[in-house]
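J.: Chains as they are written, first to last, in the numbering used here: chain B, 1 to 574; chain S, 1 to 574.
Among the hints, erroneous ones may be present.
[To be verified] Below, computed lysine to any residue pairings styled on SDA-like, alpha-carbon distance capped at 20 Å: (1) B/K268 x S/G513; (2) B/K268 x S/Q531; (3) S/K354 x S/R365; (4) S/K268 x B/L510; (5) S/K34 x S/E17; (6) S/K543 x B/H547; (7) B/K322 x S/T186; (8) S/K132 x S/I264; (9) B/K395 x S/K395; (10) S/K543 x B/A537; (11) B/K543 x S/G265; (12) S/K132 x B/A537; (13) B/K395 x S/G333; (14) B/K395 x S/R389.
[To be verified] Derived CB-CB ranges, DEER-like: (15) B/L363 x S/D253: 37 to 43 Å; (16) S/R453 x B/N206: 28 to 34 Å; (17) S/R453 x B/L363: 57 to 63 Å; (18) S/E572 x B/R85: 45 to 51 Å; (19) S/E329 x B/L363: 38 to 44 Å; (20) S/N552 x B/R465: 48 to 54 Å.
It should be emphasised that the hints constitute simulated quantities derived from the structure, not laboratory data. The beta carbon of each residue, even a glycine, is placed where N, CA and C say it ideally should be.
Number of protein chains: 2
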Amino acid sequence: MAANTGFQPNWIEAAPEKRSFRSIFKWGDPHSCKHPNEKLFQLLKETFGLTDSHFTVPVNDGNRPVAYRHPPRVITPDHAADIIRIVGDENVSADDYDRLKFSTGKTLEESLRLRQGEVQRVSDLVVHPRHKDDVRQLVAYCHQKKIPVYVYGGGSSVNFGLRPSKGGITLVMGTHMNRVVRLNETNQTVTVQAGIMGPDYEAALNEAPQRYRTRHRYTGGHFPQSFEFSSVGGWVVTLGSGQMSSYYGDACDLVISQEVVTPIGDIKTLDFPATANGPSIDRIMIGSEGCFGVLVEVTLKIFRYMPENRRYFSFVFPTWAKAVDAGREIAQGQFGMPAVFRISDEEETHIGLKLYGIDGTLLDRFMRLRGYQPMQRCLMIASAEGERRFAGNVKRGVKHICRHSGGMFLTGYPTRQWEPGRFKDPYLREDLNDYGILIETLDTAVTWDRIHRLHQGVRSVVKSRPDTLCMTHASHFYAQGTNLYFIFITRAENADDFVVFQEKIVQAILQFGGSPTHHHGIGKLFSPWMQSHLGAAQMAVLKALKHHFDPNTIMNPGGQLGLDLDGQHWREIR
Amino acid sequence: MAANTGFQPNWIEAAPEKRSFRSIFKWGDPHSCKHPNEKLFQLLKETFGLTDSHFTVPVNDGNRPVAYRHPPRVITPDHAADIIRIVGDENVSADDYDRLKFSTGKTLEESLRLRQGEVQRVSDLVVHPRHKDDVRQLVAYCHQKKIPVYVYGGGSSVNFGLRPSKGGITLVMGTHMNRVVRLNETNQTVTVQAGIMGPDYEAALNEAPQRYRTRHRYTGGHFPQSFEFSSVGGWVVTLGSGQMSSYYGDACDLVISQEVVTPIGDIKTLDFPATANGPSIDRIMIGSEGCFGVLVEVTLKIFRYMPENRRYFSFVFPTWAKAVDAGREIAQGQFGMPAVFRISDEEETHIGLKLYGIDGTLLDRFMRLRGYQPMQRCLMIASAEGERRFAGNVKRGVKHICRHSGGMFLTGYPTRQWEPGRFKDPYLREDLNDYGILIETLDTAVTWDRIHRLHQGVRSVVKSRPDTLCMTHASHFYAQGTNLYFIFITRAENADDFVVFQEKIVQAILQFGGSPTHHHGIGKLFSPWMQSHLGAAQMAVLKALKHHFDPNTIMNPGGQLGLDLDGQHWREIR
Numbered sequence: 001m002a003a004n005t006g007f008q009p010n011w012i013e014a015a016p017e018k019r020s021f022r023s024i025f026k027w028g029d030p031h032s033c034k035h036p037n038e039k040l041f042q043l044l045k046e047t048f049g050l051t052d053s054h055f056t057v058p059v060n061d062g063n064r065p066v067a068y069r070h071p072p073r074v075i076t077p078d079h080a081a082d083i084i085r086i087v088g089d090e091n092v093s094a095d096d097y098d099r100l101k102f103s104t105g106k107t108l109e110e111s112l113r114l115r116q117g118e119v120q121r122v123s124d125l126v127v128h129p130r131h132k133d134d135v136r137q138l139v140a141y142c143h144q145k146k147i148p149v150y151v152y153g154g155g156s157s158v159n160f161g162l163r164p165s166k167g168g169i170t171l172v173m174g175t176h177m178n179r180v181v182r183l184n185e186t187n188q189t190v191t192v193q194a195g196i197m198g199p200d201y202e203a204a205l206n207e208a209p210q211r212y213r214t215r216h217r218y219t220g221g222h223f224p225q226s227f228e229f230s231s232v233g234g235w236v237v238t239l240g241s242g243q244m245s246s247y248y249g250d251a252c253d254l255v256i257s258q259e260v261v262t263p264i265g266d267i268k269t270l271d272f273p274a275t276a277n278g279p280s281i282d283r284i285m286i287g288s289e290g291c292f293g294v295l296v297e298v299t300l301k302i303f304r305y306m307p308e309n310r311r312y313f314s315f316v317f318p319t320w321a322k323a324v325d326a327g328r329e330i331a332q333g334q335f336g337m338p339a340v341f342r343i344s345d346e347e348e349t350h351i352g353l354k355l356y357g358i359d360g361t362l363l364d365r366f367m368r369l370r371g372y373q374p375m376q377r378c379l380m381i382a383s384a385e386g387e388r389r390f391a392g393n394v395k396r397g398v399k400h401i402c403r404h405s406g407g408m409f410l411t412g413y414p415t416r417q418w419e420p421g422r423f424k425d426p427y428l429r430e431d432l433n434d435y436g437i438l439i440e441t442l443d444t445a446v447t448w449d450r451i452h453r454l455h456q457g458v459r460s461v462v463k464s465r466p467d468t469l470c471m472t473h474a475s476h477f478y479a480q481g482t483n484l485y486f487i488f489i490t491r492a493e494n495a496d497d498f499v500v501f502q503e504k505i506v507q508a509i510l511q512f513g514g515s516p517t518h519h520h521g522i523g524k525l526f527s528p529w530m531q532s533h534l535g536a537a538q539m540a541v542l543k544a545l546k547h548h549f550d551p552n553t554i555m556n557p558g559g560q561l562g563l564d565l566d567g568q569h570w571r572e573i574r
Numbered sequence: 001m002a003a004n005t006g007f008q009p010n011w012i013e014a015a016p017e018k019r020s021f022r023s024i025f026k027w028g029d030p031h032s033c034k035h036p037n038e039k040l041f042q043l044l045k046e047t048f049g050l051t052d053s054h055f056t057v058p059v060n061d062g063n064r065p066v067a068y069r070h071p072p073r074v075i076t077p078d079h080a081a082d083i084i085r086i087v088g089d090e091n092v093s094a095d096d097y098d099r100l101k102f103s104t105g106k107t108l109e110e111s112l113r114l115r116q117g118e119v120q121r122v123s124d125l126v127v128h129p130r131h132k133d134d135v136r137q138l139v140a141y142c143h144q145k146k147i148p149v150y151v152y153g154g155g156s157s158v159n160f161g162l163r164p165s166k167g168g169i170t171l172v173m174g175t176h177m178n179r180v181v182r183l184n185e186t187n188q189t190v191t192v193q194a195g196i197m198g199p200d201y202e203a204a205l206n207e208a209p210q211r212y213r214t215r216h217r218y219t220g221g222h223f224p225q226s227f228e229f230s231s232v233g234g235w236v237v238t239l240g241s242g243q244m245s246s247y248y249g250d251a252c253d254l255v256i257s258q259e260v261v262t263p264i265g266d267i268k269t270l271d272f273p274a275t276a277n278g279p280s281i282d283r284i285m286i287g288s289e290g291c292f293g294v295l296v297e298v299t300l301k302i303f304r305y306m307p308e309n310r311r312y313f314s315f316v317f318p319t320w321a322k323a324v325d326a327g328r329e330i331a332q333g334q335f336g337m338p339a340v341f342r343i344s345d346e347e348e349t350h351i352g353l354k355l356y357g358i359d360g361t362l363l364d365r366f367m368r369l370r371g372y373q374p375m376q377r378c379l380m381i382a383s384a385e386g387e388r389r390f391a392g393n394v395k396r397g398v399k400h401i402c403r404h405s406g407g408m409f410l411t412g413y414p415t416r417q418w419e420p421g422r423f424k425d426p427y428l429r430e431d432l433n434d435y436g437i438l439i440e441t442l443d444t445a446v447t448w449d450r451i452h453r454l455h456q457g458v459r460s461v462v463k464s465r466p467d468t469l470c471m472t473h474a475s476h477f478y479a480q481g482t483n484l485y486f487i488f489i490t491r492a493e494n495a496d497d498f499v500v501f502q503e504k505i506v507q508a509i510l511q512f513g514g515s516p517t518h519h520h521g522i523g524k525l526f527s528p529w530m531q532s533h534l535g536a537a538q539m540a541v542l543k544a545l546k547h548h549f550d551p552n553t554i555m556n557p558g559g560q561l562g563l564d565l566d567g568q569h570w571r572e573i574r
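Here chain B stands alone, though its shape is the one from the complex:
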């Protein structure tokens, strides 16, 4: 390993210039960043054969004013005037910067293209509805005029879910429609406007006694990595999942009822936690990714917030196979589920121990002495929540199983090391990209009986690319299976080169028995595989629903969920 020379890479710390490309593609808070630590920096240099001098002048930092020429494609001045009459002048923008900002998600590909100043698709007009009646009028108007409607929640889509492939308008939900409508403590539910962002949502629940005079504090239990910059509505319409969902349930499990504005009218579902009224309309709207309508309000389950009961624990296993066995046994053990619950494969453990500052410590040496070797050992980090004894019993059950599976208890230290940065890792991307190193993720659902075949199959494809890191973890556990989340770090000539590589990985995921995604949604990115994955019969059901709700194909058209593609590839749609 290269010696630490005291060299400090020239990571960019300044907030992006106002109205710059960088201000659009950069993750999160403009003033926040997370630099690779020394260990990771050394690893990157080794992996890619780079020297310190490579890290002195950022390239393609995109820190220049947004400029492009994409005239409106659908919206005429008359349309704009009509829309202004609905929502008011101050809630409509045809400004080029706004148009691009609200047309852009957080894929690596978008970031790479914007660094080069390459703008692909933009909305014609950005609209900030004030309330659900605005949405109703806008959708009805666009339905009548056949104007495409896209929806922007938190903007954290990693699948081109908000790409306005056909122009038209983009509704920004978070500007005004970001409030708690009511908290029902008796039913333990909260009703919110769809545009409320994660931290506001969670704060409202945590502070419920002060804000709503409730007896208890509450939590939503939903903490995706994008938590700080994603909306509750986005979680629901994309079938999201969070870092504690093994305990609290995925977004689809949290929804009690919804109000969705569709081109043919409102769908307002009922608030029974379970009933036998025929097929679930809720589960038709959840995951519909803006193709059927605009989610305006949603009622969700909430949970008592009892951080005082939280327990942390972690383990190291001699091999990935042993870690997986333990993970499955825990998920099937019927003693309650951990909240945070992750197992990292050999390579992710190797890099993770560097990231969490454990590599090279006394703990690391102790692990090695006990036979847990680098690039073989696998880390499990976990926590338990809920009532005090319940959480304690989960910890006890996990310990019991892990010991029987060759695991060594590492105390709660690694979990505690992981926790403060759990929403911060996406910030790493800018630093890496600034020096031509690419990082992206793909995640997939998998049953227990296919996990090793899938893991090995996908890894072999990723690693067949020279000088490529591939870290994998499982972070959402069910008795029947889990997910695999692949993080790959590589270099590529350009965005197109990267896209070819990414497609190869998706194909491998599907070939080896995974689903296109466990919790990122389909968007447009995975649409080419929808029909072959689900089969024509299931796709026909989704298309029939699409036709029912959106006969003029105005809702998120241009490939979303693969519902409106007639043999075209989504990238080709104009």
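Given chain B's structure and the hints, the job is docking chain S onto it.
T.: Positioned in the frame of chain B, the structure of chain S alone reads:
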């Protein structure tokens, strides 16, 4: 209370005559019965002002050969010949007894009419498919010829779900399609043919080590009162729920994947426990009650069978309000859910203590001494399952909450008294009906904030009928609400008189904020209220799906789920 005179009512114990009406409407095993015990008998006499002499000669016992004149309405000899070519002669019956048997569910109304020899709707032809390919060919044939297709699982429908309103054929799933296809221990799932009955299903799982060489024994965790005479497929397509579903989940929570034969082809869903592939096709097929297609195979979650860990406990509360408070607190407490979990209202507690043999015992006197008075006190019976300490902690948590809510611990005795008869209560109906006393049930879902309004509102309607008993319990608990299960015992002039009363109760349930049913499904019985309950927009979605899967309206036509009614009442359809 009338003294016990030693009189023994002349309850019928003999099995019904072969090929009699009684053999069709009688619940369950022909040789089994459950008589009202002495306490209940006394209560019935008091309530309805009857003397012992009333119970000497059964009336309208229906113990005579089935005879009716309903010529086939759709099926021609040519059709029958074609169908015989598909499934073989031995798997087709046009016999009048078979036609009626497989056209009849278990509503009180059907029983009352058959006692009088009144036959309303019968299938033209009974068909026993041998395997899913038979079903495929039959459905394709009927689609082409526009022949209605009805499906008979266990025959326990309480909503006319299998009534062949328009003639055509009835598929009997349990004759041949009743096997375990495979048990996947790694994924903790089992795949079964839809016609497998509850006890066969559970036995296969309990005995998995012997039968399938598994490491563990398993349970399906699904125990509806109809368990012994209902099919796994029926549980799924009607959104069923069982006596332990508060812990194991409702049928909809148990399904991993399905194979459904529809008129336009097969729907075969994937086996991921969770994935983000858009709207849930599984949740479209679950609860579709035979309107979209025929469920032929289903893969379900299973659970480790650990009866050695089971804990029993029960409590008495001074009032219904206190029992409800405790039930809600338990469901929201985040320490795990009890498996059996029931609270009975004042009147059900009063009658239940008689039924379970507790009334008049030392325990009863002790309760009274401690201030738990008849017609005020309410009983909670419960059990816990799962891993040993988990189950223990559930019991501990429940005790803690119940004590804080004024409950007195009654040990596990009442739960143990209830348990052996938990599938047997439906047998009571024949005895009561034999003497002109009617008993029927309606169940509804309810949120916690509407439970008292609903309970009181429905009770007041039921009790406004003279000499009517109304017992109510909640037996399925969620953090957001529960169900109310109303059992009413009354006398009526005839079936039509009863139907008017029943409709009044359904209207009250909906008026006071319940759903048409929590776990009995909609069938045809509740179809008149579907549109007003769900709203036109949700109904339009279900109708669009109906049109997609079944463009010729052959699947369970004539009112099922209210999907093919054009202003007609289902009873009027011919």
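J.: Compare the structure with each hint and give your call.
T.: Hints, one by one, checked against the model:
1. B/K268 x S/G513: holds, 16 Å
2. B/K268 x S/Q531: Cα-Cα ~13 Å, so holds.
3. S/K354 x S/R365: holds, 13 Å
4. S/K268 x B/L510: holds, 17 Å
5. S/K34 x S/E17: holds, 18 Å
6. S/K543 x B/H547: Given that 20 Å is the threshold and the Cα spacing comes to 13 Å, the pair holds.
7. B/K322 x S/T186: holds, 14 Å
8. S/K132 x S/I264: Holds, because 15 Å separates the two Cα atoms, which is no more than 20 Å.
9. B/K395 x S/K395: holds, 19 Å
10. S/K543 x B/A537: Measuring from Cα to Cα gives roughly 18 Å; hence the hint holds.
11. B/K543 x S/G265: holds, 15 Å
12. S/K132 x B/A537: holds, 17 Å
13. B/K395 x S/G333: holds, 18 Å
14. B/K395 x S/R389: holds, 12 Å
15. B/L363 x S/D253: 37 to 43 Å: At roughly 41 Å between Cβ atoms, S/D253 and B/L363 fall inside 37 to 43 Å, so the hint holds.
16. S/R453 x B/N206: 28 to 34 Å: Check passed, 31 Å falls within 28 to 34 Å.
17. S/R453 x B/L363: 57 to 63 Å: holds, 59 Å
18. S/E572 x B/R85: 45 to 51 Å: Holds, at about 50 Å.
19. S/E329 x B/L363: 38 to 44 Å: Distance hint for S/E329, B/L363 holds at roughly 42 Å.
20. S/N552 x B/R465: 48 to 54 Å: holds, 53 Å
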